[in-house]
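There are 2 protein chains.
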Amino acid sequence: MTLIADAIKQVDKSIEQALGRSPKQIAPLAGHLLDSRGQGVRAKLLLTAASNNEQIHDHAIKAASAIEIFHLATLVHDDVIDDSPIRRGLPSVQSKFGKKHAVICGDYLFGLSLSMVADIYQPYTEFGEKFVKNIRLICLGELQQLSNANNLDLPFFDYLRIINGKTAVLFHVATFGGAIISKYHGNLNERQAKQIGRLGTYFGIIFQILDDCKDYTLDTKTAKKPTNTDIANGVVNLPLIMAMSKDMRLGDKVRAAMATREYGDIVKEVSLLGLTPTMDIAYRYAAKCRVILQEIPHLMAKEFEQLLNTQFSLASKNTEQHVTK
Amino acid sequence: MTLIADAIKQVDKSIEQALGRSPKQIAPLAGHLLDSRGQGVRAKLLLTAASNNEQIHDHAIKAASAIEIFHLATLVHDDVIDDSPIRRGLPSVQSKFGKKHAVICGDYLFGLSLSMVADIYQPYTEFGEKFVKNIRLICLGELQQLSNANNLDLPFFDYLRIINGKTAVLFHVATFGGAIISKYHGNLNERQAKQIGRLGTYFGIIFQILDDCKDYTLDTKTAKKPTNTDIANGVVNLPLIMAMSKDMRLGDKVRAAMATREYGDIVKEVSLLGLTPTMDIAYRYAAKCRVILQEIPHLMAKEFEQLLNTQFSLASKNTEQHVTK
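So the sequence lines, in the order shown, correspond to chains R and C.
Note that my numbering has the first sequence beginning at 71, numbered continuously upward.
Note that my numbering has the second sequence beginning at 71, numbered continuously upward.
Hints are supplied without guarantee of correctness; some may be wrong.
No copy is singled out in the list; a pair is fine if it fits within one copy or between any two copies.
To be verified - No more than 20 angstroms apart at the CA atoms, straight line, and that leaves these computed lysine-lysine pairs for PhoX-like:
#, residue 1, residue 2
1, LYS203, LYS132
2, LYS132, LYS200
3, LYS79, LYS284
4, LYS264, LYS323
5, LYS94, LYS203
None of these hints come from the bench; they were simulated from the model.
Note that the structure is predicted; figures quoted are calculated from it, not measured.
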């Protein structure tokens, strides 16, 4: 088993323990959340940034667990905000336990993750501060997304600002956190740590762009959430923005679809026009990542490269299948 | 102007600035929250614990502002959880801006307050840790309250556990935080700081018990929130518990009132039977406070005594008026 894979097992165990020790009112919600765990990409990024050739410090296990629990908290609140019935293939906490419990459960998980960060605040104050100070940016991303619902004129750079808040900020906190741990233990210098923080931001942007594509390319079962629903939900994603930039009349068609609530044709059209240029943008961010990878220790860079490829191989396969259908 | 009153003005200004600097999506919600500010009792407690004869350190202003903003966050989420239409005499954030914005606004304020705590984490790590680690207890209090809705068999000690989470924990964090700042600057010793933390807990219990009484003694206008509604909302408060302990048949009457949703008579009966023994319990906690006040510097003790008396004078006047009606 590789170093990272082994560490991820430890993170899973640590999350299970932390949620398992939660009080009896939280336990059923926590169990439900554990059943619907994601791939842990944020933890993997943190652990990779914190790794050297031989080992991953216990503090990195704790930091990665804190990031994943914080992410769970945001998912629980997102489901309240979006009234989502399904999350990762299971009923959302709100739909299973009600709005009241979902709001409190999210708050509890925020508290739990912050408390784990507090345990390692010393000597990694830079990480603790970054974590805490970025919570507002995450909320801001959500708010910007809300206020741009159905905004077909959303400029590309505003789109980037939204996905930065809703996804890339936490990826940035993850890689930066791992890098700060590495720096403290002498494995990275100041500049490398900063660059690895930027790497996380780029990685998050790619992750969200690929996730946008999944709304068009995957079925509900594979995606473990409803797909082909972004446009219907007023979410202006990148394939839609790119498709509209290719065909000026598409905006009116989307508006017509919104009026009749018939989205089948428009989803097909956006897929055909928008997916390829969207993937091009994702590849451009991957190129930015690879510039940074040349500056950091070889083994760490190799692990990041692998993580990047995994995300792409899945998404591009789906995209190709779909575009050529 | 006294030292504390002057510091409270600074806290108000600091909160206004922090909310004023919030992004344009938060600004209208923040403005609305500023319009419905409470008496700032948590800030006053922190400042009192942080005061010496001559001055209050800037760090205490920041800590007090963080506590008040955190409190605002809990109020915003409480309104979502309880579906309250009114808060402090104005429409709640949820009823004015919708559930989605209320959830995010609460999260944003959590982030803002924690970020202010991070600014003074050094050298007051004990305060920072206490703040962060107690978030879960606050959520737990909310959850216990939810799961004990309509539970007329709620034991007194479970009631205490609930109000500890929903009110006393944050009072505890406030006085403890102030005391840690005082201790660092040589104005309190270790034992005094701990005792002042306990003082906060007792103060919070008293505050919540008096607040319970207000549901019976105040009209909606004076209380700036709906009153005579706890029983109807399934909230088992202390006057109800005490009234039921005085008259064993009262529980059945309450159940009958819940079935017919006619609460007028039962509210009167609970007032007559329950308010006096409830106030007795509040006085007992005040006595516990006064034991601690003997251990701490005289001027600080005098300020705490005044804060205590202010709470009581208001509540007991209302209670007497009501019991003798």
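Results of checking the hints against the structure:
{"no.": "1", "hint": "LYS203 - LYS132", "result": "both (19 angstroms within a copy, 15 angstroms between copies)"}
{"no.": "2", "hint": "LYS132 - LYS200", "result": "both (16 angstroms within a copy, 19 angstroms between copies)"}
{"no.": "3", "hint": "LYS79 - LYS284", "result": "neither (27 angstroms within a copy, 52 angstroms between copies)"}
{"no.": "4", "hint": "LYS264 - LYS323", "result": "neither (44 angstroms within a copy, 67 angstroms between copies)"}
{"no.": "5", "hint": "LYS94 - LYS203", "result": "between (31 angstroms within a copy, 18 angstroms between copies)"}
Checked against the numbered hints given earlier, the structure breaks hints 3, 4 and satisfies all the rest.
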